[in-house]
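Visitor: Taken in order, these protein sequences are the chains called Y and G. In terms of our numbering, the first sequence opens at residue 7 and continues consecutively. In terms of our numbering, the second sequence opens at residue 58 and continues consecutively.
These aren't lab readings, by the way, just hints derived from the structure by calculation. Each hint should be verified, as a subset may be incorrect.
Unchecked claim - Label pairs and their computed distance ranges (CB to CB): (1) Y/H89 - G/S129: 38 to 44 Å; (2) G/P69 - Y/Q105: 44 to 50 Å; (3) G/Q256 - Y/Y112: 29 to 35 Å; (4) G/E242 - Y/R86: 45 to 51 Å.
Note that CB positions come from ideal geometry on N, CA and C, so glycine has one too.
What follows is each chain in one-letter form.
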Amino acid sequence: MEVSHSVKERTIAENSLVILLQGLCGHVTTVDLRDESTATGRVTNVDAFMNVRLAEVAFTDRQGTVSHLDELFVTGRNVRYVHIPDEVDIRATIERQLQAIHRVRYFGGRDKGRKEFPRAKNK
Amino acid sequence: GGAMSFLKRFSPPAEGVRHQQPDTEAVLAGRTLGAGTLYIAESRLSWLENSGVGFSLDYPTISLHAVSRDLSAYPWEHLYVMVNAKFEEEETKEAPMAEGEEEEDSDDDAEPIAEFRFVPSDKSALEAMFSAMCECQALHPDPDDDDSDNDYEGEEYDVEARELEQGDIPSFYTYEEGLSHLTAEGQATLERLEGMLAQSVSAQYNMAGVRTEDSIREFEDGMEVDIAPVVAGQFEDAEVDH
C-alpha cells in the first residue's frame with residue numbers, strides 16, 4: 007500500500023475524496039476528461055492533486071477515435087470524472103487508505119516515547 | 058509549408074533538467090517541426106531544433122501526456138503531449154470545424170487544443186521521458202483549483218501534530234522534507250548519530266543505534282524518547298512478534 011512521502015500530500019488526501027481514487031491503484035477503470043475524451047486503463051498512481059497515471063490505456067478522443075497508449079498521465083485539472091469499478095468497496099477502500107496513512111504517521115508509536123520492546127502479544 | 062511563427066531562438070534550460078533527449082523530432086498536429094533536443098525541465102518543457110530555434114510549453118497548459126506505441130494510430134513510437142493552447146499553424150484537416158458542425162462541442166472555441174508528438178530516435182528512452190514529465194507536471198498543481206481547501210501551507214504540520222495527541226512526539230518524515238524541518242539542534246544530533254553509526258562497527262555495541270551516555274543527555278531537552286541503556290542479554294527473552 008503506497009502512501010505519499012509528502013506530509014502535505016498525505017494531509018490533503020486524508021481530507022478529500024482523492025483518497026478513494028488513490029485506493030484504486032491496480033484497478034482498471036475509465037476516466038472521463040474535461041474535453042469529453044475518455045481513457046480506460048489500469049490506475050498506477052493518483053496524487054493529492056488528482057493527477058492520474060494509467061497504464062495500458064484505450065483512449066477515445068472527442069471524435070470517438072480509439073487509440074492505445076502504453077502509459078497516460080492526466081492532470082487533475084482535466085479530470086472530469088473517475089468511474090469507480092463495481093468490484094470496489096468504496097468504504098473499505100477509504101478505510102484502508104486512511105490506515106496506510108496512519109501507519110506512516112504513527113510509526114514512532116502512539117504513546118509518548120518509544121518502546122524498545124514490542125507490546126506483549128497473545129501467543 | 059510556411060514557417061511556424063511560434064518558433065523562437067533561445068538557450069536550452071540550464072537548471073532543473075530532469076531529462077534531456079537529443080535526436081528527437083517534434084510534430085505539431087501532424088506536421089513535423091524538424092529534429093532537435095527535448096528538454097524536460099522542472100520549470101517548463103522545451104524543444105530546440107538543431108538550428109537553435111524552438112519552443113517551450115508551460116506545465117499548467119499541458120492537459121495530459123502519454124507514451125504511444127500503437128503504430129496503427131501513428132507510425133512511430135512517441136511521447137504524446139496535449140496542450141490547452143493554440144499554436145499558429147496552417148489549417149490542417151484536424152482543425153476543429155466550427156461551422157455547420159453542431160454536434161461538435163461548442164467549447165472548441167473555449168478549449169483550444171494542440172497536439173504535440175515527440176519522436177525520439179531512441180525508442181527505449183520513452184519511459185524515462187514519460188516519467189520525467191510526470192515528475193515535473195506534479196510540481197505544478199493547478200492554482201485555480203477552487204474546489205479544494207488545499208490551503209495547507211504552514212498548517213499542514215500542525216495537522217499532523219494535533220493528530221499525534223500531544224504534539225511532542227516526533228513526526229515521521231521522509232526524504233528531504235524531513236531534513237528541512239530539523240532545527241539547528243536536530244541537525245547537530247543527526248550529524249552526531251550519523252558519525253556514531255559510521256563508527257559503530259566494533260563489538261563495543263550490542264546492536265546498531267545504541268546510544269551512549271552522552272547522547273541520552275542530549276535527548277533530554279527536546280525529545281521525549283525512552284532509551285534504556287543496553288544490558289547484555291537484555292533482549293534474549295523478548296517476544297519479537299511483528
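Visitor: State for each hint whether it applies.
Guide: Against the structure, the hints come out as follows:
1. Y/H89 - G/S129: 38 to 44 Å: Check failed, 26 Å falls outside 38 to 44 Å.
2. G/P69 - Y/Q105: 44 to 50 Å: holds, 46 Å
3. G/Q256 - Y/Y112: 29 to 35 Å: At roughly 31 Å between Cβ atoms, Y/Y112 and G/Q256 fall inside 29 to 35 Å, so the hint holds.
4. G/E242 - Y/R86: 45 to 51 Å: holds, 49 Å
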